[in-house]
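> If you read the sequences in order, they're chains A and B. All residue numbers for the first sequence refer to this note's numbering, where the first residue is 1 and numbers rise by one. All residue numbers for the second sequence refer to this note's numbering, where the first residue is 1 and numbers rise by one.
The hints are simulated quantities; they were obtained by calculation from the structure and are not laboratory data. Wrong hints could be hidden among the right ones.
Stated by the list, open to error - List of simulated lysine to aspartate or glutamate pairs, EDC-like, C-alpha gap at most 16 Å:
{"no.": "1", "chain 1": "A", "residue 1": "354", "chain 2": "A", "residue 2": "365"}
{"no.": "2", "chain 1": "B", "residue 1": "398", "chain 2": "A", "residue 2": "285"}
{"no.": "3", "chain 1": "A", "residue 1": "146", "chain 2": "A", "residue 2": "218"}
{"no.": "4", "chain 1": "B", "residue 1": "259", "chain 2": "A", "residue 2": "380"}
{"no.": "5", "chain 1": "B", "residue 1": "255", "chain 2": "A", "residue 2": "380"}
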Amino acid sequence: MDFRLTEEQLALQETLRRFIAKDYNFERRRSLARSPLGYSAQAWAQYAELGLLGLPYPEEFGGLGGSGVDIMAVMELVGQGLLLEPYVSTVVLCGGLLRDAAARAIKEALLPQIAAGKLQIALAAYEAAGRYELAHVASTAVRAAKGWRLTGRKSVVLDAPSADYFLVSARSSGKRTDAEGISLFLVRRDAPGLTLQAYPTQSGGRAADLHLQDVAIDDDAVIGAPERALPVIERAVDQGIAALCAEALGIVTALNEATLNYLKTRKQFGTVIGSFQALQHRMADMFIAAEQTRSMAIIAAIQAAGDEPATRRRAISGAKAYIGQAARFVGQQAVQLHGAMGVVDELNVSHYFKRLTMIDMTFGDADHHLARFSDALRVEAIGAAS
Amino acid sequence: MNLNYTAAEEAFRAEVRAFLEAELPADIRSKVRLGRRMQKDDLVRWQKILYRRGWGAGMWPQRYGGADWSVVEQHIFDEEAAAAGAPPQIAFALRMVAPVLMSFATAAQQNYFLPRIICGEDWWCQGYSEPGSGSDLASLRTSAVREGAHYRVTGQKTWNTLGQYADWIFCLVRTSSDARPQQGISFLLIDMKSPGITVRPIITIDGEHEINDIFFDNVQVPVENLVGEENKGWTYAKFLLSHERTNNAGIGNCKRALKRLKEIATRQSQNGRPLIEDSRFRDRIAQVELELMALEITNLRVLSAVSTESRAPGPEVSLLKIKGSEIIQQLAELQMHALGHDALPYLREALEVDWVPAPLLADHYAAFAPPLTGQYFNYRKTTIYAGSTEIQKNIISKLVLGL
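Start from the sequences and build out the full structure, keeping to the hints where you can.
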């Protein structure tokens, strides 16, 4: 048993730390968030040079064959630097989906391009009425003479405005919430019939709602088994969740550091406010929450690639639920302990807090995942008793 | 990063499991599982069995008869022992006074006391808290006045655990009032049979006798029973605390309680369906399980850092104490809540192992209800003893956060 990161992982983190200090300080990040693109194309190219964009792919597809813990090491720094680039969407979710489910020809065509920073893909899997439920797919895929035709709407597709392709879930059979009958399609950004309504997100990124009207898709653009795509989508989203857990860990760590520093320097009543026991105990609680968050992020990173869905879901939902709650606590308290400074735009605390909050609202909030974890608990307990 | 146990550790786990299967007496196992009252003899018998196997003191060095386990091996043992329904070993002797003796006592003291501890011959208790000295332990006033070859000890200790069974008590006593309170304290070993000692039971919230007041009225203690140097006792006490807190998370005990809670919630019915089908109740179980999931890894992270860096556990163990004590309290609370109105009966006799329930009680109450309400009340102690949650947060804010 060893909880240490490897030399390589530590070196990677150190590189990112230096990159953030030099090229991605808070002011730079603020102006990027307000720019038309919403992130730094230059940074994206640097990630490619560092190998980050191919990290989780096999070497034969231009990757480094990295593990879930490698992704965790990167995402922790993504959190600390509040990096805006579409790393989770392109590299973890969509690249991961292609790696796990696509035909070899597609992998050969796309994964090296992702790794080189020349291609971005966004996952269009959620719909407005389905909330966090991936099986809720009302968008339809109808057989055509050649290939398929897609019609429907996808909501809050993260990092859609800059994507070159979308991975879109659509249904060709079954009821609106059935697990079966869902297929996954690779759709070009410029496909006729596809329109985007783009907008910024609360935490600085970009997203869009997608409208598909009779979008023609070739047969070879179906990813994985037709009508059986839900398990691979769920697995990819679980890996995305693990990545977000690590990002939240990075933010929680950064917020605690900032808050502790503030307690040690801000003076009121003639003394530093960190000398007040009420604040000391709050800070101790925030420290504990951060340590527990790290433990849960580790569980998520290690279990995210698991092939056994029930075990994986239990770990991932447990981690997402716990971190949702812990991060909410740390975020709210960091704002509170900074006083009014916690609610101004010009200090990074409010930006960290907003990002943590939006992480909770992405891919299922704490309540959603607590319910999933609790359902798994029910099945186990009844199984054990019978 | 690697969360797997090594092959050697897995083999050790199998060995522990097989040993527990073969050697843990059925009557003791059953008392633990059903939450029945333990007697001194149960605990001593189990210690002697462990001693015969060479596991009387897992983490002691071999030269004192210990098994020289790593922190990870000790964790594996604790986890398996709790799962099997083994009673806890008495920490006051094995994990508290013994490490102090090994580090600060004379060879004569070590040679006399340590073998008697490991084989279960002597029962030790702790004399720390006093009526006026709880969290502010250094303000203690029990005095020890040197008179030739003896100290004359006078004062009162309180919140003493299981002193009614004890052969020996290790005490913090005041030998000087000249300097700062911490500098006039000495660490004294006192024979509980000494004239002038009175043990008075304190009945706790659950109606049980677990703790005592201990009065010292001009008790004569040979100077040979001083550990280390006079007036240096505070140093030894702090050293002891760092050892006491290594098993603070109590992961094994929490896991057993969680499993039991699920069993109870599955067997209790509500409107003809198992209680566990009630999502409002089940979500509360899930919430505690999440805390425990996180704490198990946090605990292993601390243990693994201690073993790979070969150092004593630092102030981060305070977080294990805070979380572990809260979790066991929450589990006890949910166990009681699972009973519904069966939480109300107070049947002292039902905690005896040979209790025969009246027929009307047998079908709904007897299976698991008897200990649970008392346990809920009793476990309120866990966030108070061994450094209250508030003291632990003081430690974190001072020693970890530098506030």
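> Compare the structure with each hint and give your call.
Quick rundown of the hints versus the structure:
Our distance criterion of 16 Å between C-alpha atoms is met by residue 354 (chain A) and residue 365 (chain A), whose separation comes to about 14 Å. Simply put, residue 398 (chain B) and residue 285 (chain A) have alpha-carbon atoms about 13 Å apart, close enough for the 16 Å limit, and the pair holds. For the hint pairing residue 146 (chain A) with residue 218 (chain A), the CA-to-CA distance comes to about 7 Å; that is within 16 Å, so the pair holds. Distance hint between residue 259 (chain B) and residue 380 (chain A) is fulfilled; the C-alpha atoms sit about 11 Å from each other, no more than 16 Å.
A hinted pair counts as satisfied when its Cα atoms are at most 16 Å apart, and residue 255 (chain B) with residue 380 (chain A) qualifies at roughly 15 Å.
Consistency with the previously given hints is maintained throughout, with no hint failing.
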